[in-house]
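Student: Residue strings, one per chain:
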Amino acid sequence: MDQSPLRSEDMMLDEQMLSLLPDDGAPVLNRMVRLSLSRTVERRVTQQEYFKIRDQLIADGKIGRARGPGGQVYLIQDPDDPPHPLISQTLPITEADLMPFLENYLETAFQTGLDLPSGSHFILEDTSQRGPRRGQWARPDFILVTLLRYRFQPQKQLDLHAFELKTENGCNVQAVHEALAQTRFTHYGHLVWHLPENSPHTVRLEDIRAQCISHGVGLILMREPGDPESYEILVDARRKNTPLAIVDGFLEARLTDENQKRLARLLGV
Amino acid sequence: MSAVIAIANMTGGVGKTTTAIALGETLATQGAEVLIIDLDAQGNTSFSIAGPRILQNLSETGRTIESYLNARLLERKSRRISDIIRRSVSSVLHDDEQLSLSIICATPNLRHVEQKIIVQLTKAGISWEEIEGEIRKILARDITNLRKRFDYILFDCAPGISAATEAAIKLADLMIMPTIPDFVSTQGVPAFIDSIFGEPDDNKKPWVLFTRVKARSRHQRTYKSLLRENANKPGGTYRVFQVEMPEMVHVPEAMSQSVTFTNTGRMSYNAKWRDFAQPLHALSEEVRRILPNGCGFQPDGNLQVHGG
Numbered sequence: 001m002d003q004s005p006l007r008s009e010d011m012m013l014d015e016q017m018l019s020l021l022p023d024d025g026a027p028v029l030n031r032m033v034r035l036s037l038s039r040t041v042e043r044r045v046t047q048q049e050y051f052k053i054r055d056q057l058i059a060d061g062k063i064g065r066a067r068g069p070g071g072q073v074y075l076i077q078d079p080d081d082p083p084h085p086l087i088s089q090t091l092p093i094t095e096a097d098l099m100p101f102l103e104n105y106l107e108t109a110f111q112t113g114l115d116l117p118s119g120s121h122f123i124l125e126d127t128s129q130r131g132p133r134r135g136q137w138a139r140p141d142f143i144l145v146t147l148l149r150y151r152f153q154p155q156k157q158l159d160l161h162a163f164e165l166k167t168e169n170g171c172n173v174q175a176v177h178e179a180l181a182q183t184r185f186t187h188y189g190h191l192v193w194h195l196p197e198n199s200p201h202t203v204r205l206e207d208i209r210a211q212c213i214s215h216g217v218g219l220i221l222m223r224e225p226g227d228p229e230s231y232e233i234l235v236d237a238r239r240k241n242t243p244l245a246i247v248d249g250f251l252e253a254r255l256t257d258e259n260q261k262r263l264a265r266l267l268g269v
Numbered sequence: 270m271s272a273v274i275a276i277a278n279m280t281g282g283v284g285k286t287t288t289a290i291a292l293g294e295t296l297a298t299q300g301a302e303v304l305i306i307d308l309d310a311q312g313n314t315s316f317s318i319a320g321p322r323i324l325q326n327l328s329e330t331g332r333t334i335e336s337y338l339n340a341r342l343l344e345r346k347s348r349r350i351s352d353i354i355r356r357s358v359s360s361v362l363h364d365d366e367q368l369s370l371s372i373i374c375a376t377p378n379l380r381h382v383e384q385k386i387i388v389q390l391t392k393a394g395i396s397w398e399e400i401e402g403e404i405r406k407i408l409a410r411d412i413t414n415l416r417k418r419f420d421y422i423l424f425d426c427a428p429g430i431s432a433a434t435e436a437a438i439k440l441a442d443l444m445i446m447p448t449i450p451d452f453v454s455t456q457g458v459p460a461f462i463d464s465i466f467g468e469p470d471d472n473k474k475p476w477v478l479f480t481r482v483k484a485r486s487r488h489q490r491t492y493k494s495l496l497r498e499n500a501n502k503p504g505g506t507y508r509v510f511q512v513e514m515p516e517m518v519h520v521p522e523a524m525s526q527s528v529t530f531t532n533t534g535r536m537s538y539n540a541k542w543r544d545f546a547q548p549l550h551a552l553s554e555e556v557r558r559i560l561p562n563g564c565g566f567q568p569d570g571n572l573q574v575h576g577g
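Sequence lines, in order, name chains A and B. Mapping the first sequence onto the working numbering, position 72 (from 1) lands on 72, and the numbers just tick up by one. Position in the second sequence (first residue = 1) + 269 = the working numbering.
Bound-form chain A, shown alone (with noise of 0.2 angstroms):
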């Protein structure tokens, strides 16, 4: 840390970096506060000259570090007061603390939302632990079968759907791409991201989103994981042509054989 005496342009900078950090105690990326500190006083502010009066804020208790990629910084009220809910206090919320909300989810809004004609059918199934163990991306954390009866066609429509959750920090283009791969075996691959509104890894989601329509993945956003009403459908998911063979030996694979047994029942076989 830079210990020589601020500078009175550097006690300008200062009072501005101050007034530029919100009131509510939200952190703020370093490189955004630095870029703005620029735009405010209209000459480039040196990462060297940030830092220098970040430091000094800090070692005053003026303001806070927070933990995040590039750092963050946050304004200090009173210390009494509660931290901002958007600095990281306490442990991340894990897959398998979101998999119940994911299921209740796929079977209200998501199932209404599809439409189904009358006569379809739903099988949801959890095969997060199902699977082969050494297959790369086969393992989706949900699959849902459903069975589509129409007006003026003899047979039924089988389509299955892959459903792969990630965690608010844990989600990035790769997790389009092991969505993507399991429809190697599916009809339909979803991501499902649980991004809280306001969340820091928003910057993230215009590229996963790209990602996702280039290669008809669906992006499903968990805002609220406990709220179905609060899911956000932001790609649709494009219908892969998987061949029939493929498709079965995946349902014979992960559904237990009380949902087989059910999906053999309701296709007449």
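No wet-lab data here; the hints were simulated from the structure. A hint or two may mislead.
Claimed, not checked - Computed Cβ-Cβ distance ranges for the label pairs, DEER-style:
id	chain 1	residue 1	chain 2	residue 2	range
1	B	E554	A	T46	27 to 33 angstroms
2	A	L18	B	S396	32 to 38 angstroms
3	B	R497	A	E224	27 to 33 angstroms
Claimed, not checked - Among the chain B residues that face chain A by a calculated CB cut under 10 angstroms, a handful are:
id	residue
4	S357
5	E366
6	K493
7	A540
8	D544
Glycine included, C-beta positions come from ideal geometry on N, C-alpha and C.
Guided by the hints, dock chain B onto chain A, whose structure is given.
Tutor: Leaving out everything else, chain B in the frame of chain A:
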């Protein structure tokens, strides 16, 4: 020596503002000092680059192009153009550094000032040509001074023809004419060139840049061929860029000033322009190639282009 580039077309909605901002930012990623001068009363360039807060402040403190033109032409006061430049205005980072982009903003008041200039000077018996000449004389003197401080000065001109637009085009080392290659957008090309230049000298011929190009459109292919053929004919009054700017869904999103403390997704140049960055870098290279010798900025050749 710096290069002055005017981006103009009589037709609206062909991508002048997008070209001005995207080209300006691309040149800035290569290390150039760039100044964009907004001559369009719609103020879209100003709003997109400066954002509402800075733009309001500039408007309230009289640091706009209309305030400058009003002072120089109507009030006959001395006003330095450097006083109205807003520096360090970009909200875009490249390699973690802010782009070296400055702007002279315009607001909708520019329309009133232009009307006042025409009414007052016409009443005083001054012709349209003299008004345009007067604006050009004032701008030329001030731009000469700015050439020492910026590698590129880009004029984002208003659609249609105004005295300021005409002056900027005549001052420029290069005029870029963004054009959608379709029936409607190409109709005005010869008329616009004729109204500005008559028959332009070889070194003053404007360069048509195809924008919002759809690779699969037969209609667009027909008009691209037609314009390229006409450009190559003896006596052709314009030239056509080799590079074509494709239509991409995220470009309108990139134009919105949406970087905030909590939504920093488009902070970097590559995240902002994504796949559009490739044709933009190709455009910047072609611009450098066709500028008169010695104009513009020569980067060090280590360009980082997104995608591929």
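Student: For each hint, tell me whether it holds in the structure or not.
Tutor: Consistency of the hints with the structure:
Evaluation of the 27 to 33 angstroms hint for E554/B and T46/A yields a pass: the beta carbon distance comes to about 30 angstroms. At roughly 56 angstroms, the beta carbons of L18/A and S396/B sit outside the given window of 32 to 38 angstroms. The hinted range of 27 to 33 angstroms is not satisfied by R497/B and E224/A, whose Cβ atoms lie roughly 55 angstroms apart. This hint holds: S357/B has a C-beta 5 angstroms from the nearest C-beta of chain A, less than the 10 angstroms allowed.
With its C-beta approaching chain A no nearer than about 8 angstroms, E366/B sits inside the 10 angstroms limit, and its interface hint holds. Interface hint at K493/B: violated, since its Cβ lies 26 angstroms from the closest Cβ of chain A, which is beyond the 10 angstroms cut-off. Look at A540/B: its Cβ gets to within about 7 angstroms of chain A, closer than 10 angstroms, so that hint holds up. Interface hint at D544/B: satisfied, since its Cβ lies 9 angstroms from the closest Cβ of chain A, which is below the 10 angstroms cut-off.
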